[in-house]
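Letter by letter, the chains look like this.
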Amino acid sequence: MKNLKKILALALSLLMVLPILAGCSAKNTPRADEPLGKDLTNEQKFAEHVTLTWCFPDARGAGDFTEWDRIVAAINEITEREINATINIEVIPLGEYTEKMSLKYAANERWDVAFCGTQWNPYSNAVSQKVLEPLTKEYLETYMPETMDTMNAKYFDALTIGGGLYGIPLQQIYVRQNGIRFEVDWFEELNVDWETIEATIDPNTPLESLEVFFEYLLMNNYNECFFGADDKLMENTSSFMGFDNLISTNFPGAIRVSDGTCTVINQYETEEFKYIASLMKKWHDAGYFSDAALNGGQANSYYELEYGESRHPVSLEPVVKPGGDAMASMKAQYGITIKTIPIGNAVLTTSSVAQTAMVVSRNAEYPGRALAFIELLNTNEELLNLICYGQEGVDWTWEDEENKVMNLDDSAYPGNEPFFVGNTFLSYYVDDSMIGCWEETKQINENAELSPLYGFTFDASSVRSQMAAINANLDAHLEPVLCGMGNGTVDDAIAELNQYLYDNGLQVILDEMQRQVNEWLASKQ
Amino acid sequence: MNNKNLKIKRFFKKIDVVNLFIHLFFIVISLAILYPFISMLSVSLLSEKELLQEGYSVWPKNPTGEAYEAVFKNFQPIAKALLTSLMVCVATTLLTVMLNAMYAYAVSRPTFSARRIINFVLLFTMFFGGGASASYIVNVSWLNLKNNLLILIVPGTMGAMSVIIIRSFFQGLPYGLVESAKLDGASEYQIFFQIMLPLSTPALGTIAISAFIGSWNSYYAPMMYFDYGKATTLSLYLQRLLQHMEQYKNSASLTGTLADVPSASMAMAVACITVLPMVLVFPWFQKYFVKGMAIGAVKA
Amino acid sequence: MKTKALQKTPASRTNGIKKLQRKDNWQLFSLSVPGLIVLALFSYLPMFGIVLAFKDYVAYDGIFGSRWVGFDNFTVFFTGNADYFKTLLTNTVGLNVLYLAVNTVITIIMGMLLFELKNRLTIRVYQTIVFLPFIVSWVGAAYAMKANLDLNYGIVNSFLKDWGKDAISWYTEPQHWTWLLMICYLWKKVGHGTIVYYGNLMSVDTSLFEAARLDGANRFQIMANISWPHIRPIVISFTILSLGGVFNSDFGMFYYMTDFNPHKLRSRTDVIDTYIIRALQTDPSSIGASTAIGLMQSIAGFIVLMLVNKIASWIDEKGTVF
Chain X
1 MKNLKKILAL
11 ALSLLMVLPI
21 LAGCSAKNTP
31 RADEPLGKDL
41 TNEQKFAEHV
51 TLTWCFPDAR
61 GAGDFTEWDR
71 IVAAINEITE
81 REINATINIE
91 VIPLGEYTEK
101 MSLKYAANER
111 WDVAFCGTQW
121 NPYSNAVSQK
131 VLEPLTKEYL
141 ETYMPETMDT
151 MNAKYFDALT
161 IGGGLYGIPL
171 QQIYVRQNGI
181 RFEVDWFEEL
191 NVDWETIEAT
201 IDPNTPLESL
211 EVFFEYLLMN
221 NYNECFFGAD
231 DKLMENTSSF
241 MGFDNLISTN
251 FPGAIRVSDG
261 TCTVINQYET
271 EEFKYIASLM
281 KKWHDAGYFS
291 DAALNGGQAN
301 SYYELEYGES
311 RHPVSLEPVV
321 KPGGDAMASM
331 KAQYGITIKT
341 IPIGNAVLTT
351 SSVAQTAMVV
361 SRNAEYPGRA
371 LAFIELLNTN
381 EELLNLICYG
391 QEGVDWTWED
401 EENKVMNLDD
411 SAYPGNEPFF
421 VGNTFLSYYV
431 DDSMIGCWEE
441 TKQINENAEL
451 SPLYGFTFDA
461 SSVRSQMAAI
471 NANLDAHLEP
481 VLCGMGNGTV
491 DDAIAELNQY
501 LYDNGLQVIL
511 DEMQRQVNEW
521 LASKQ
Chain W
526 MNNKNLKIKR
536 FFKKIDVVNL
546 FIHLFFIVIS
556 LAILYPFISM
566 LSVSLLSEKE
576 LLQEGYSVWP
586 KNPTGEAYEA
596 VFKNFQPIAK
606 ALLTSLMVCV
616 ATTLLTVMLN
626 AMYAYAVSRP
636 TFSARRIINF
646 VLLFTMFFGG
656 GASASYIVNV
666 SWLNLKNNLL
676 ILIVPGTMGA
686 MSVIIIRSFF
696 QGLPYGLVES
706 AKLDGASEYQ
716 IFFQIMLPLS
726 TPALGTIAIS
736 AFIGSWNSYY
746 APMMYFDYGK
756 ATTLSLYLQR
766 LLQHMEQYKN
776 SASLTGTLAD
786 VPSASMAMAV
796 ACITVLPMVL
806 VFPWFQKYFV
816 KGMAIGAVKA
Chain L
826 MKTKALQKTP
836 ASRTNGIKKL
846 QRKDNWQLFS
856 LSVPGLIVLA
866 LFSYLPMFGI
876 VLAFKDYVAY
886 DGIFGSRWVG
896 FDNFTVFFTG
906 NADYFKTLLT
916 NTVGLNVLYL
926 AVNTVITIIM
936 GMLLFELKNR
946 LTIRVYQTIV
956 FLPFIVSWVG
966 AAYAMKANLD
976 LNYGIVNSFL
986 KDWGKDAISW
996 YTEPQHWTWL
1006 LMICYLWKKV
1016 GHGTIVYYGN
1026 LMSVDTSLFE
1036 AARLDGANRF
1046 QIMANISWPH
1056 IRPIVISFTI
1066 LSLGGVFNSD
1076 FGMFYYMTDF
1086 NPHKLRSRTD
1096 VIDTYIIRAL
1106 QTDPSSIGAS
1116 TAIGLMQSIA
1126 GFIVLMLVNK
1136 IASWIDEKGT
1146 VF
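Residue numbers (my numbering), protein chains in the order written: chain X, 1 to 525; chain W, 526 to 825; chain L, 826 to 1147.
Hints were generated in silico from the structure; no laboratory data involved.
Cβ atoms here follow ideal geometry from the backbone N, Cα and C, with glycine treated the same way.
Every beta carbon over 10 Å from chain W, so not counted as near; a handful from chain L, in silico:
(1) D881
(2) T900
(3) V922
(4) V927
(5) D1040
(6) R1093
(7) L1132
Below, computed lysine to aspartate or glutamate pairings styled on DMTMM-like, alpha-carbon distance capped at 20 Å:
(8) L:K843 <-> W:D709
(9) L:K943 <-> W:D541
(10) L:K986 <-> W:E575
(11) L:K990 <-> W:E579
(12) L:K1089 <-> X:D231
(13) X:K274 <-> X:D475
(14) X:K130 <-> L:D886
(15) W:K755 <-> X:E67
Extracted from the complex, chain X is given alone in its bound form:
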């Protein structure tokens, strides 16, 4: 028995240590020898038949569709014809996407193509985990010739980290320009038409011009809250204030887009922020919105009774996009019409372009073919709309074929959002009010100003503790200020916020940010 005890202890200790002794599991699926060369023909490139695994972010439940197999077959018909590849679509519900992908990374599971978004499997994280295939010029020119020709090279800069490109940005609205959103039905009932509204907004002080409307609504005793105040204020005004944030719109650490020297600042100490915060306090005290804003948005009882959803005549919009008003109005489903007025400048920042990307696994056996598949999603109209909306004639019909407007009234196929799948500019229009919006969007993207930090991504690995310490209670100190309900005056509240930030190590973070920015600027020379 004494021996038994010893044996047992030894066995268990060994078991704990065994994995270390056994070393890493085999990481390498053999990399196939793929033909490379800009002028290769399709026959040469796609000679071999290949199966690719696509980690499909299922946002709307397409995987549950009773006829999903039909859609998959149709998809494969196109891919086999175009690139001689069968796609194994691994459906992953959107809510589980980040988790499942990180488990795949940990266990080194086999996958080829996946999606990266800000909230789902973030791109910068995947890069730092070193699970993505670096995309070289050779591969891109061979397997994605059309994309390389048609897409402006500057968009790839946003996804360049540490000198390497690891993903293809999906095309959609890149500029995150803030705006003021109006629910025009409210105003029409008061005989104020859209032209009047537009004329009243002074482009130099757009937010203050809103007070006219609030007073008007107040005068008419119309309802309890006029302004959709909530804790997302920073997201809705950062671009208007002229900041390019290094981590997120809420987290301190940004530069002014107008500042060519790229001095890293704490946006909560700026005059711009004080201006917005004072405005919020003024509006709160004047009664344009109530205390409930602090508890996750507020009720608008009159409106709720009629329409079953709480909405506000005036609110702020984080991203203004052509066609966006149409989409938002239809989402509301209660006959609410929405119009937006952009405020501030249209700027391209790294994070705005890097919001959605398609990536290839480092363990892919045929990375070139995977890129070819991504190219299909970026350039093949038929494929994209098949995945997002279904087959023409079976799942939907044309409402206006010439202008590419679909009629989805009888559609049973849940489909997917185009920006999870491929090039949104190729997707057909859902309503005729959207006609032409893709062209407009492309123009906005092209003409936008570039932030001086465009192409820079901050590596937060050395300041994790400080970030965690700040994140833990940031909302407690920030939200009251954003909703105009801080302690004491606006100055006091902002001082309290900054006290909290600096107590928890903000200076260390800002210094590190500046150091990395300077290094990056120097390397660009």
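For chain X, the structure is supplied; the task is to place chains W and L on it using the hints.
Below, chains W and L without anything else, positioned relative to chain X:
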């Protein structure tokens, strides 16, 4: 006349005052415990309109079964998920009871010389573990258990608390039972299977019901280890349904047919559906731990 | 004379006894083997994951290939405000101890009282009802809570308004939550404890009860002298085990029942586990930090467990966990 008095006196003696008190105590507690369930049920029957107009109430004025309709819209996948859940739960329960009981028996015998270390081995795992990532790597890369139902059944079986419950029960049984069996020359196996196990049904029943419920409610392991479309358990299916509902409401989908059901009612309908089978299954386990076995009688 | 004979057992006899004991030992060991295999495969094999607390994890390098960063992952707590850290500790440990104490007392009483009842049907009904909350997840229970405590729509506030009092904004006033969460905790856990103690009482030799009654003992004397000492070991064991988790919390309860731990309630309801979740929410490769904190909680809890176990061994040897 005398008889009547005697009868009355005997009647009053029969009413045990303390018993009455105990009953009262439990009735009050039961009502307090049941109240949240009534809330849950009433919220599941609430419509969005009433929620906004009247707010929550103890019972909705116009109860509607919309939430339940929405959940059961596709009956086939629910039936499949239910079957899978049942299989997994039953298998887990049986395995848990057996493994923990055997382990507990070994640990409960003071003459077992390896007792302390065996006990420690179990206790240690309750505090220190490798984490979800390491477990995933072991289970998927080394043990090849992805998409395999075993992964839902085996890993969680051993528990320090379960072993303690059973061990305490064994130690509470009169030692004379074991002694007389040993004198008759019984092996430890015989003592365990033929004497200890049958007498310990209360403790085993407790472990069984906990294991069953734990397995029934778990959705994280099924989500991690199974590809979409392969086996689903009921709780995972319902979780995903809820997430879909949220996404339907938030997406720019124009076919938002279920946008009228408030997410609170959906979540409550799901919760009620999850609880109901347990309520039905519970009485079956109960027969093991309602008083009935007279240990003294067995000894004789 | 007889005693002398008993003092010296012949060698053959001791050898025989030893042989029997060894056989018994192996039989007992073999009974524990299946459990050991499960533990080995699913608890000990993945144990290497603990090293993540000391590493900067990069998926491609794996758990072994990632570089060591010493104690960098442990500094999350010590970077921030020390006062807040004190609040966290007080909440975590204090609430755990408070809830544990109250729960223990209540479940002992309930278990013993239930044991006094005779009618099988009522026993089954009470057991079922009391155990029901165990089945519901905190997410589900949180909705029921919200239905009652919501500021504008909640049932409690509408009753208050009917009686002419002001509505209470439950989700922004922290002082209520110490006892509110205690009610939630008891609601969920009381059933399990009651059934365990009730079940444990069933292993009592009923002849003891009969003998006591014949001697004229009343109900309460029996409870104090027979029932209570009988379940004392398991009560102690449970207490020890629970105290081992004194630095951990039931995350679901603190996070969901408070409606996602809004900042106004944090002075009373923020515990280590909820703090860590918030601190690491935007850090995608937070596995190092969360493993590190978890490790600290485990070690601290284990030390507590060992201490309490030692104290318990002085009170009742049978109650010790190890």
